[in-house]
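Assemble chain B with the ligands onto chain A, guided by the hints.
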Amino acid sequence: MAQIEVKKLNLSYGDFHALIDIDLSIETRMITAMIGPSGCGKSTLLRVFNRMNDLIEGVNITGQVLIEGNDILNHKADLIVLRKEVGMVFQRPNPFPLSIYDNITFGPRVHGTKNKKILDEIVRTSLEDVLLWDELKDKLHRSALRLSLEQQQRLCIARLTAVKPKILLMDEPCSALDPVATQNIEELFNKLKNEYTIVIVTHNMQQAARISQRAGFMLLGELVEFGDTRRIFTAPADKRTEDYITGRFG
Amino acid sequence: MTRDKRNQRIREFFIEKTISASGIASVVIVVLIFVFLLKDGLSLFKIESIQDFLSGKLWYPISDPPKFGILPLILGSIVVTAGATAISVPIGVASAIYIAEVSSPRIKEYLKAGVELLAAIPSVVLGFIGVVTLVPFVKQFFNLPTGLTAFSGSIMLAFMAMPTIVSIAEDALTAVPRSYREGALALGATKWQTIYKVTVPSAASGIVAAVMLGVGRVIGETMAVMMITGNAAVIPKSIFQPVRTLTATIAAEMGETVRGSDHFYALFAIGIVLFLITFFINMIADLYLHREKR
Ligand SMILES: Nc1ncnc2c1ncn2[C@@H]1O[C@H](COP(=O)(O)OP(=O)(O)OP(=O)(O)O)[C@@H](O)[C@H]1O
Ligand SMILES: [Mg+2]
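Heads up: the sequence lines are chains A and B, in that order.
Heads up: take any position in the first sequence, counting from 1, add 46, and you land on this note's numbering.
Heads up: take any position in the second sequence, counting from 1, add 13, and you land on this note's numbering.
Keep in mind the hints are simulated off the structure, nothing from the lab.
These figures come from a predicted structure and were not determined experimentally.
The reader is advised that the hints may include incorrect statements.
To be verified - Once the Cα atoms are required to be at most 20 angstroms apart in a straight line, the calculated PhoX-like pairs of lysine-lysine come out as:
#: 1; chain 1: B; residue 1: Lys80; chain 2: B; residue 2: Lys59
#: 2; chain 1: B; residue 1: Lys70; chain 2: A; residue 2: Lys162
#: 3; chain 1: B; residue 1: Lys210; chain 2: A; residue 2: Lys160
#: 4; chain 1: B; residue 1: Lys204; chain 2: B; residue 2: Lys121
#: 5; chain 1: A; residue 1: Lys212; chain 2: A; residue 2: Lys239
#: 6; chain 1: A; residue 1: Lys163; chain 2: A; residue 2: Lys185
#: 7; chain 1: A; residue 1: Lys122; chain 2: B; residue 2: Lys204
#: 8; chain 1: B; residue 1: Lys70; chain 2: B; residue 2: Lys250
#: 9; chain 1: A; residue 1: Lys162; chain 2: A; residue 2: Lys183
Here chain A stands alone, though its shape is the one from the complex (with noise of 0.2 angstroms):
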């Protein structure tokens, strides 16, 4: 079943017409990679899923996007329960600059857990998931800013994983990591595939080859390609989509 249906999206900023027509179906619990060229609109049609560009004055927004059936666009739509179910990870690892336990109970308690002891357990779980339990449960209290660049990645996805979303919206999360990291984090992503559903974007096709099994082709706001990676990646149906992929532009 499709977790998030876009049908005929449109986005603006001010006069710039940054996602023209956007049509794709993301399937749950897939990988859903998106790649393109700097400036096509990757970052924005991401921050579609979590209405993260009402931040931005003059954006205009027109089409449907439904998640699980509800059209988020719509205003009467709930941002933060909208946001509980799409976490989003970015560019460059975020933690606040408050201690490990900290950052993982955020979101539970803005989402009203207030017992210790549902929380203690839930800053375990999260960072089971993450694979940070074993190395971080004696310094819960360290601040989260003492971590490696990859920790703090993986507590960010932890953060999220905390308030137990649906989805996972992630904007080149491995881009501020070198190879070694990235790779573990690819790891992770894999395994969580299993209960989230993933839409990743990243400039690095290897990448995108790698960890997903659908991807798009995006180019100055248009959505060029989308469907099975392998296809995608083998036998792409449109010329631009090959030229990329190929490495003739980009």
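Same frame as chain A, now just chain B with the ligands:
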């Protein structure tokens, strides 16, 4: 080496030396001021014990024999400062949060200009306005024999501390990386939750520094307090009584003393006490400002 390059190096050399000379000069001047203060201030302790000076309840510097107990003055300073802090910190921090996090860019410009304007009012002018408006109001509203009270002084000083608190706390809040706010909002936090659970804690050290610098300004303030607090060197029983502060004492009495008299030295000794207080407060502020940078 070409001539141009050599000229440039000579110029660099002079610029560098001039800058380091001014740096050294400012340190030397501070040290000289402190030495001067110590030399005259410490002379008092030949005739009066430190103990009696700090805890004496009577300040009669020109009676015979004179009494140099500055406890009423210390308490006067503390009461006025505490009052001003209690008023200015919540309002100042709240204003900073409003300016940095809530207001629209346009309103933000107006508010920041307003805060700068408030900072630009000379304290004697504020004191004067206080005498004509605030003092009669306090007298009437609380039905007091006089409106020249510690409470009036606190309100007036709160106005002076506010610009410092607002502008430094606002800087600290604005410096909080956008990514923290985005992270919080993306987790479904409301704007308010984001502010008080992420943005304010992230700026905490800067906010503490802002408060300390504001308080430092209040303790050192002289003119306005002298005009408004009633200038009675007695131990205050409530904030609705006249008091006198350390600073006001020096300012009011320095003109009437004979150079080299015990009274003269006593005023310098008060100067030392003030110096130490402000020094510690600034040091704490500095500590917090630097902690933020780490
Ligand atoms: N806040 C904004 N205001 C105006 N234009 C914007 C804004 N954000 C993005 N854009 C423009 O929209 C287009 C798409 O931007 P977007 O960030 O989505 O690209 P991207 O595909 O994520 O690029 P990159 O790979 O560099 O991250 C770009 O041309 C960009 O300049
Ligand atoms: Mg981007």
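Structure-based check of all given hints:
1. Of the pairs offered as hints, the one joining Lys80 of chain B and Lys59 of chain B holds, with about 14 angstroms between alpha carbons and a cut-off of 20 angstroms not exceeded.
2. Distance restraint check for Lys70 of chain B and Lys162 of chain A: the Cα-Cα separation of roughly 52 angstroms exceeds the 20 angstroms cut-off, and the hinted pair is therefore not satisfied.
3. For the hint linking Lys210 of chain B to Lys160 of chain A, the alpha-carbon distance of about 14 angstroms falls within 20 angstroms, and the restraint holds.
4. Taken as a hint, the Lys204 of chain B and Lys121 of chain B pair is honoured in the structure, with Cα atoms around 18 angstroms apart against an allowance of 20 angstroms.
5. Taking the CA atoms of Lys212 of chain A and Lys239 of chain A, the gap is about 10 angstroms. The hint holds against a cut of 20 angstroms.
6. Distance restraint check for Lys163 of chain A and Lys185 of chain A: the Cα-Cα separation of roughly 18 angstroms lies within the 20 angstroms cut-off, and the hinted pair is therefore satisfied.
7. This hinted pair checks out: Lys122 of chain A and Lys204 of chain B have alpha carbons roughly 18 angstroms apart, not beyond 20 angstroms.
8. Between Lys70 of chain B and Lys250 of chain B the CA atoms are separated by roughly 13 angstroms; this keeps the pair inside 20 angstroms, and the hint holds.
9. For the proposed pair Lys162 of chain A and Lys183 of chain A, the alpha carbon gap of about 16 angstroms is at most 20 angstroms, so the pair holds.
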